[in-house]
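Respectively, the protein sequence lines represent chains P and D.
Read in the numbering used here, the first sequence has 58 at position 58, and its numbers run on one by one without any break.
Read in the numbering used here, the second sequence has 290 at position 169, and its numbers run on one by one without any break.
Treat each hint with caution, since some may be false.
Here are some chain P residues pointing at chain D (derived, C-beta under 10 Å) [to be verified]:
#, residue
1, 49
2, 56
3, 62
4, 65
5, 68
6, 87
7, 89
8, 91
9, 92
10, 94
11, 96
12, 99
13, 103
14, 104
15, 106
16, 107
Source of the hints: derived by calculation from the structure; they are not laboratory data.
Don't be surprised by glycine CBs; every beta carbon is placed ideally from N, CA and C.
Residues per chain, in single letters:
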Amino acid sequence: MKYVSRIGMTLLAVAVVATGLIAGCANVPLRTEKSTSNIRAAEEAGAATVPQASLHLQLAKEELEAAKKLSAKGDKEEARSMLTRAEADAELAITLSHKDTEKTEAREAVERVRQLRKDNL
Amino acid sequence: MKVLQLCILTISAAYLAGCASVAPKELVDARSAYQTASAGPAQELAPADLHKAQLALNEAEQSFHKDSDSTKTKDLSYVAQRKSEQAGALGAIAAAKSTKERANADFQKQQAAIVEQGKKDLRESEKQSAVTQAELEKQAALKTAKDTADAELKASEQRTAAGQQAAAVQAERARQASEQQAAAEQRTAAAQTELARQAEVKAAKERTDAESQRQQALIEQGKRDVVEAEKRAAVTRAELDKQAALNRAKASADAELKASEQRTAAAMAELAAIASLKEEERGLVLTLSGSILFRSAEASLMPAAQVKLDQVTKALLTIHPRSLVVEGHTDSQGSDAYNQALSQRRADAVRDYLVQKGYPANQIQARGQGEGSPIAKNSSAEGRANNRRVEIVIQREVQTSKK
């Protein structure tokens, strides 16, 4: 009887903690910091001037807005899922901006070598 | 029975139909993007990012198997596609960086070759300049010879006014001199052109030297930076070594302190087994009964007392040396002066014995307390026996010794 009582108390405590956690998760506000900072980083990397990067930057902004609307409606799960789309698009926009810069620099370096060869033939 | 078989067939068909469901467009695109990225430079140059893309795709595939047309499957597929494209882009970035580094290395190599070629050209032009100078000197000598010839011709004309042959000879000499002068003028023009070219070469060399000096300065700055970084690293290493030595010293001191505490505890237990041991304000007080130490009215130790004091000395010597006060006490029988003297002699006897057995003499004091500090009533025989005693007060260890 003593053991049964102890097990019962333990189960009750676990149930209370689990309920608290579930209730806590349901009320967690939408964490948009990562998307927002990625979008800002993409803009600073010059995504707006690179056609491919510009497209993904625009998509990221739209998806962020959509996630906020879903969250406001109470569709927390769908809002979080939409937020992952925004994060992925913003990260891709940053990488594409860097890719454009690196390719341009590589082309310039090759051209400089070619010009030097031409001038000294 | 037939109904049961029909049910099984229906469930199997439904299951197969579920398995054969069509993948959403996002998942198809993600698979395609991953294959494209795998076939590109990312496989070799950005394997970590490609692996992340693969994990994302796996997650999407698992979601598809659980729930083929859910929003979650589509979102995971969308993210997997972006990550695959990102891995491909990172591979392309790494390839571009590699190309840029190779091109820069080529550029520097070619510049060095150009500098070397410029120096070589300069040496060549200096040689040619010397040749030209010699040519000019030769022309000057020819001109002098021509002038001499003209003078001689004029003198000859004056001397031999007649004579066609002499005139013909003179004409021929004049023609030859004229031809020589024309040739000399041509060589002079060529020499001037050569000098102009040399000046251009020299200017090019000066530009090349200036560039070379600038690069040398950059290399020197880089070396100084490396030396500075090495100095800082050495200072950091020395600091770390010092810290490690301090830690070792601290650990050693802690171990020593612990061992000392253990020895002290063992010694105290041993003393408690030998005689009565009490913790008082003045220190630990070990009380030895006077009846087992001395005969009545005497101050020389009995053999049994020596055995007891041997045990006490042995226990005290195992711990860190502390100050001891040996106090002799008597009962109230006899005069005060007699008791005071007897207690002092007895305390001295115990102190001398402890010193003889190896306890540091400067750590022991002996005090005769006479009959002034009884611990029991002197009216009974038992009380007087208890009052006849020797107390060894073990001073507390000074706190700073622990540090």
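Now the hints, each set against the structure:
no.: 1; hint: 49; in the structure: violated (16 Å)
no.: 2; hint: 56; in the structure: holds (8 Å)
no.: 3; hint: 62; in the structure: violated (13 Å)
no.: 4; hint: 65; in the structure: violated (16 Å)
no.: 5; hint: 68; in the structure: violated (16 Å)
no.: 6; hint: 87; in the structure: holds (8 Å)
no.: 7; hint: 89; in the structure: holds (6 Å)
no.: 8; hint: 91; in the structure: holds (6 Å)
no.: 9; hint: 92; in the structure: holds (5 Å)
no.: 10; hint: 94; in the structure: holds (9 Å)
no.: 11; hint: 96; in the structure: holds (6 Å)
no.: 12; hint: 99; in the structure: holds (5 Å)
no.: 13; hint: 103; in the structure: holds (5 Å)
no.: 14; hint: 104; in the structure: holds (9 Å)
no.: 15; hint: 106; in the structure: holds (4 Å)
no.: 16; hint: 107; in the structure: holds (9 Å)
Hint violations for this structure: numbers 1, 3, 4, 5, all remaining hints satisfied.
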